[in-house]
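Residue numbers (the numbering used here), protein chains in the order written: chain A, 792 to 909; chain B, 906 to 1015.
Because the hints were derived from the structure by calculation, they are not lab data.
Just so you know, these numbers come straight off a predicted model, no measurement behind them.
Among the clues, some could well be false.
[To be verified] List of simulated lysine-lysine pairs, DSS-like, C-alpha gap at most 30 angstroms:
| # | chain 1 | residue 1 | chain 2 | residue 2 |
| --- | --- | --- | --- | --- |
| 1 | B | K908 | A | K806 |
| 2 | B | K908 | A | K835 |
| 3 | B | K1010 | B | K974 |
| 4 | A | K832 | A | K869 |
[As the list claims (entries may be wrong)] To list a few chain A residues with every Cβ distance to chain B over 12 angstroms, as calculated:
| # | residue |
| --- | --- |
| 5 | V803 |
| 6 | V841 |
| 7 | G903 |
From the three backbone atoms N, C-alpha and C, an ideal C-beta is built for every residue, glycine too.
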Amino acid sequence: EAGVTQFPSHSVIEKGQTVTLRCDPISGHDNLYWYRRVMGKEIKFLLHFVKESKQDESGMPNNRFLAERTGGTYSTLKVQPAELEDSGVYFCASSQERGLAGARDTQYFGPGTRLTVL
Amino acid sequence: DAKTTQPNSMESNEEEPVHLPCNHSTISGTDYIHWYRQLPSQGPEYVIHGLTSNVNNRMASLAIAEDRKSSTLILHRATLRDAAVYYCILTAYNFNKFYFGSGTKLNVKP
Chain A
792 EAGVTQFPSH
802 SVIEKGQTVT
812 LRCDPISGHD
822 NLYWYRRVMG
832 KEIKFLLHFV
842 KESKQDESGM
852 PNNRFLAERT
862 GGTYSTLKVQ
872 PAELEDSGVY
882 FCASSQERGL
892 AGARDTQYFG
902 PGTRLTVL
Chain B
906 DAKTTQPNSM
916 ESNEEEPVHL
926 PCNHSTISGT
936 DYIHWYRQLP
946 SQGPEYVIHG
956 LTSNVNNRMA
966 SLAIAEDRKS
976 STLILHRATL
986 RDAAVYYCIL
996 TAYNFNKFYF
1006 GSGTKLNVKP
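Work the whole structure out from these sequences, hints included.
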C-alpha cells in the first residue's frame, strides 16, 4: 500500500512568488491534514479536510494560504504571495476514521515539503 | 488544547530499555494518548496509542497511569534506529488534529 506522498520535496522561491504544494493521501482515507514546522518552532496544525470539505481550518495563518481538495482525493496548498516567514517544512497526513473513532485513529504522515522563501 | 509536558532530551545505551515520560494533567476522559516519533528528515511516524489500559505492539509499550495524568512510552531494547524526537499527543472526540509539543529528543549510544 502506497503511503502519503508529497510534491515537491523541496521548493525554493523568491519572496512574493506563488508556490503550490501537493499531497496525495493514502487511498480511501477521507481525512487529510496539513501541518507545518517553521524554523525553530513546533509542528503546528493548519487544517483538516473530510473528503472535499474543510472540517477545521483554524490553524491557517492568514489569507495568503489557500487549501483545496477537489474531488476528495489529493490536496493542494497554495501560498500566494510567499513571505520569508513561510519558510519551513509542510507535512500532510491522512487518516480513515471520524468522530470518536477519529480520536483514536492513526494519522499517516508524508515526508514533507521543505519550502525556502528567499 | 490539552497540553503535554515531556523532557527535552534523553539518552540511552543501545540494547537497553528506555522509558520516555509524558505528563498530561489536564487530560479529559475521552482523550486518547498517542505517541509518534520523527526520524531526521522524515515525517512523524506512528508508534502507539491508548486510552486507559496499557498497550503493547511490536514497536513499544505504553504504560498509562491510573489517573491518566501521565504516561510512559517504553522501548524495550533501544537500537540506533530509535534515535528520534518522540512526541506525546492527546486527541479529543471529534477534534482529530494533533498538537505537537517540543517532544523528547532521544539519543541512543552504541
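Outcome of the hint check:
Using a Cα cut-off of 30 angstroms, the hinted pair B:K908 and A:K806 is violated, with the two alpha carbons roughly 35 angstroms apart. Straight-line distance between C-alpha atoms of B:K908 and A:K835 comes to about 14 angstroms, which keeps the hinted pair within the 30 angstroms bound. Restraint check: the Cα-Cα separation between B:K1010 and B:K974 comes to about 21 angstroms, which is no more than 30 angstroms; the hinted pair holds. Distance restraint check for A:K832 and A:K869: the Cα-Cα separation of roughly 21 angstroms lies within the 30 angstroms cut-off, and the hinted pair is therefore satisfied.
Consistency note on A:V803: stated as away from chain B, and its beta-carbon is indeed over 12 angstroms from all of that chain's, at 17 angstroms minimum. With a least beta-carbon separation of about 9 angstroms from chain B, A:V841 fails to lie farther than 12 angstroms from that chain, contradicting its non-interface assignment. With a cut of 12 angstroms on Cβ distances, A:G903 falls inside the contact zone with chain B, its closest approach being about 5 angstroms.
Checked against the numbered hints listed earlier, the structure breaks hints 1, 6 and 7; every other hint is satisfied.
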